[in-house]
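Undergrad: Spelled out from the first residue to the last, the chains are:
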Amino acid sequence: MSKPTEGHIVKRFDDQLTHLHGLVLEMGRMVVEQLRRALDTLDAEDAEAAREVAERDQEVNRLDNRVDDELVRVLAMRAPVARDLREVMAVAKSVTDLERVGDEARRVAQLTQRLYGNSGSSPNPGLLRDFFELGQDVIAALETTLRAFESLDLDLAVEVLHNDEALDGEFQAALRRLSTYIMEDHRNVGHVVEVVLGLRALDRIGAHAKNIAGYIIYLATGRDVRHVPTGSLIEEFGTGG
Amino acid sequence: MNSIPYEAETGMVEREGMAAGAAQPGEAEAGRDASPKAEDRRTVGDYTHPSAVMECREVNVHYGDKHAIHDVSLDVGANEVIAMIGPSGCGKSTFLRCLNRMNDTIDGCRVSGSIRLDGQDIYDRKTDVVPLRARVGMVFQKPNPFPKSIYENVAYGPRIHGLARSKAELDEVVQTSLEKAGLWAEVKDRLDQPGTGLSGGQQQRLCIARAIAVSPEVILMDEPCSALDPIATARIEELIDELRGNYSIAIVTHSMQQAARVSQRTAYFHLGDLIEVGETADIFTNPRHRLTEDYITGRFG
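Quick note, the sequences are listed as chains A and B, same order.
If you're matching positions, the first sequence starts at 41 in the numbering used here and goes up one per residue.
If you're matching positions, the second sequence starts at 159 in the numbering used here and goes up one per residue.
FYI, nobody ran anything at the bench for these hints, they're computed from the structure.
Errors might be hidden in some of the hints.
A short, non-exhaustive set of chain A residues, derived as facing chain B with CB atoms under 7 Å [to be verified]:
hint	residue
1	47
2	48
3	49
4	116
5	121
6	124
7	209
8	213
Here are the in silico distance ranges between beta carbons for each label pair [stated by the list, open to error]:
hint	chain 1	residue 1	chain 2	residue 2	range
9	B	388	A	236	44 to 50 Å
10	B	440	A	166	52 to 58 Å
11	A	205	B	422	50 to 56 Å
12	B	337	A	113	37 to 43 Å
13	B	439	A	220	41 to 47 Å
14	B	222	A	264	56 to 62 Å
15	A	76	B	422	48 to 54 Å
16	A	51	B	337	45 to 51 Å
17	B	222	A	269	39 to 45 Å
For the chain A half of the interface with chain B, some residues (derived, Cβ under 8 Å), not all of them [said to hold, decoys possible]:
hint	residue
18	50
19	53
20	69
21	70
22	84
23	119
24	262
Computed from a predicted structure; not experimentally measured.
For every residue, glycine included, the Cβ atom is placed at its ideal position computed from N, Cα and C.
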């Protein structure tokens, strides 16, 4: 079976769509790397490295612009329809979400800068206990999403939708635990607020991964699954294996 | 494996659209080619229209030994533009020409099945093709005005069909027809000049005015823009959209973009079979049959 972007009589069209598909994966790998580095700076308490990560978000933004340019060119030149049109739409929407993931990774890097960049007191290490775990889970969700996008694997896309519910649960649990630190010692409040904002960034990344999983389902099946309850999607698309 | 539904999702949908008045499906199936491909060639989508002007059921066309159209069932609805697309030789033009019996004159051409206009079988022995072709008009690929004046081109039909009782009435029919065809302003001062002296786009609009002049119910268009430049094409497409208010239009086009722009429903033909019918927006975003998808995305090999 040929790749979904291939098989056109006009070979150049194949190349353009394959290239666009590849750019999403490239951008995806880039933001995963950004998030991983941001978490590393937090672990290493290295505010200087965090500043570099935050600056590198510009590269993600540049790639976002480049993909947009190519999308406009394909629309103008090829007037894509059917699956090709859905490919173009899915790429356009996915890169928007990935660009936001880049922004959220930058926020995690900025958390490092806020917690460790000044000479003030270091935060209670317990505050970040859930943070790294949630960070790893979010990275896993992104990586699964990218694999699903690469091969248009509906099973993997549904897995992302399914796991997003677990991520939501982890996020809520982390918030509850953080509140106990405030009750324990109100001097933790400033640090807790920072960590909550960081957790919120991770939670948003999980939501972006879920969005992209939805675009994959749209691309492959033509079904718009936004605003459809996850449970019914898992039932509808998750039967294979 | 549940990855790409490219093959899996192109499964057929039962012909639920089979209207009560249609021929018994079993009869047609019995005479059908039993090759393994037959299943793939059943029409996907609802070929009926809630307010059909023309109802075609199990239409077969043979040119001598060649079986050009196989069991095609399709409605043309009131006030709709239905586009017929497909590769060369797929039967779309042949099917279109069945709708006003343009195939009658072709030697060895046999049409079977039923084609009804307002419930009346147009292939009935009692049907006279001359009034039929007034009710189902036609516009061809190449503009073909009569070698007469602009006025006479439009006046000819109403005159032979006895649709105007006086010169004044005829003048009015000519004027309103030319107005509806968007040509009046350009030709009103030279109605006595030959129609063949107009530009290609103007000639095509003159042919449309000629078709409109006899108050048809349906207008058939066989690639009406393929000989025109993009601006003349845009004018005709705009005109088609306006005409939809009063007429039903069936258009055969090689331009997929044109089908997407002008029609509400699209029918995809392939090697004499009607493969898929549906809302144009659905066909061009999420076609259900693999053959349709391959064709409209430019993958047809």
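Undergrad: Next, verify each hint and record whether it holds.
TA: Now for the hints, and whether the structure bears them out:
1. 47: Since the shortest Cβ distance to chain B is 4 Å, the answer is holds.
2. 48: Holds - the Cβ of residue 48/A comes within 7 Å of chain B, reaching about 5 Å at its closest.
3. 49: holds, 5 Å
4. 116: With a minimum Cβ separation of about 13 Å from chain B (threshold 7 Å), the hint on residue 116/A is violated.
5. 121: holds, 5 Å
6. 124: holds, 5 Å
7. 209: violated, 26 Å
8. 213: Residue 213/A check fails; min Cβ-Cβ to chain B is 32 Å, beyond 7 Å.
9. 388/B - 236/A: 44 to 50 Å: Hint violated: Cβ distance 58 Å, outside 44 to 50 Å.
10. 440/B - 166/A: 52 to 58 Å: Given a distance of about 56 Å, which is inside 52 to 58 Å, the answer is holds.
11. 205/A - 422/B: 50 to 56 Å: violated, 41 Å
12. 337/B - 113/A: 37 to 43 Å: This hint holds: roughly 42 Å between Cβ atoms.
13. 439/B - 220/A: 41 to 47 Å: Violated: the Cβ-Cβ distance is about 54 Å, outside 41 to 47 Å.
14. 222/B - 264/A: 56 to 62 Å: violated, 49 Å
15. 76/A - 422/B: 48 to 54 Å: holds, 51 Å
16. 51/A - 337/B: 45 to 51 Å: holds, 48 Å
17. 222/B - 269/A: 39 to 45 Å: violated, 59 Å
18. 50: With a minimum Cβ separation of about 6 Å from chain B (threshold 8 Å), the hint on residue 50/A holds.
19. 53: holds, 7 Å
20. 69: violated, 21 Å
21. 70: violated, 25 Å
22. 84: At about 39 Å, which exceeds the 8 Å cut-off, the nearest Cβ of chain B leaves the hint on residue 84/A violated.
23. 119: holds, 6 Å
24. 262: The hint holds - residue 262/A has a Cβ within 8 Å of chain B, the shortest such distance being about 3 Å.
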